[in-house]
Amino acid sequence: RSLYFPRPGHADRAILWKALLQKRVSKFQGCVPGDKLSLNFGVMASLSDGKSGGQIAEAIDFVLTEERVSNLSTRTPLAESEFEGYLDMCPPTADEGDKYLSFLRSVSGIDAILKARKKAKGEKK
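Quick note: the sequence shown uses our numbering, first residue 128, plus one each step.
Do not take every clue at face value.
What the hints assert, rightly or not - Result set (DSS-like, lysine-lysine): computed pairs, CA atoms no more than 30 Å apart in a straight line: (1) K245 to K226; (2) K226 to K246; (3) K226 to K242.
Because the hints were derived from the structure by calculation, they are not lab data.
Input sequences plus hints: build the corresponding full structure.
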């Protein structure tokens, strides 16, 4: 048995980056000035194309250590480049969309339904 989770799209990844970064920072420190977390989430979504939500969360956990979060107020703000190295090490997730659609077609019986409709149309002519 398996449960299919499609890879997140560009907009989904941007939202994931923002939410997971805020969650990680709040784990160590209640409030961080907004300018210290001012990553371009569109760029982050592009950098993480082909990655799963779990891989994005791992990248954030890898980069945003407790020490790095505590230094956010004194050190330079987060930069997109800090995440590139980790993301480059992560293999892209396999897109199993075709496998899922094949399974869905077999379970739903849609192929048989379409075949029967096509046959019925052919007989009416």
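| Which numbered hints are broken by the structure, listed smallest first? | none
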